[in-house]
Amino acid sequence: MTFIELLRQLEAQLGYHQLPLNPAASTIKNIFESSPLHHDFIKRLAQSIYTGNRCLRLTDDVERAPTFDALAPLRVEALRHARTDVDLVRAIEELGVALNTIFGASDAPPLEQPATEPGQVIDITPFRRRRRLRFSA
759 MTFIELLRQL EAQLGYHQLP LNPAASTIKN IFESSPLHHD FIKRLAQSIY
809 TGNRCLRLTD DVERAPTFDA LAPLRVEALR HARTDVDLVR AIEELGVALN
859 TIFGASDAPP LEQPATEPGQ VIDITPFRRR RRLRFSA
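Residue numbers for the sequence shown follow our numbering, beginning at 759 and rising by one.
Just so you know, these hints were derived from the structure itself, not from any lab.
It is possible that some hints are incorrect.
Said to hold, decoys possible - Cross-link-like lysine to any residue pairs, in silico, SDA-like; alpha carbons within 25 Å at most: (1) K801 - I860; (2) K801 - Q771; (3) K801 - E852; (4) K801 - D845; (5) K801 - L779; (6) K787 - I762; (7) K801 - R833; (8) K801 - L857.
Fair warning: this is a prediction, and the values are worked out from it, not measured in the lab.
Given the sequences, and given the hints that come with them, work out the whole structure.
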């Protein structure tokens, strides 16, 4: 999938108000037709995905891992910022879900399953302290 195709799919899933793409865009500088709802965040995200995937043109390929790597620091920064509004947080979460849907589960890196061993019963009797209760008379 190319960078511009990714943005078109994001626009279709999130809406024009989030990613108002310019259909005549030829460079990253004129990718948006108008101002996105969260202008600074979306503009930084598009630039970060573009550079993270080492794109030189809008038609260069993008991959799942560098795309999520581009989103992660921006997401963390927004969540830690004291003045981030609820709408931006919701938009970031929807963006993550949309990216996951676009790239699909088949592109997800396989999770390493740790080798499971049956549980062991450990006798703790030798480690218990003997307590003597004192009674006052």
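These are the hints, each one checked on the structure:
1. K801 - I860: The hint holds at about 20 Å.
2. K801 - Q771: At roughly 17 Å apart (the allowed maximum being 25 Å), Q771 and K801 satisfy the hint.
3. K801 - E852: Roughly 16 Å separates the two Cα atoms, so the pair holds.
4. K801 - D845: Holds, at roughly 16 Å.
5. K801 - L779: 11 Å, holds
6. K787 - I762: 13 Å, holds
7. K801 - R833: With a Cα-Cα distance of about 13 Å, the restraint between K801 and R833 holds, given a limit of 25 Å.
8. K801 - L857: 16 Å, holds
In the structure shown, no violation is registered for any of the earlier numbered hints.
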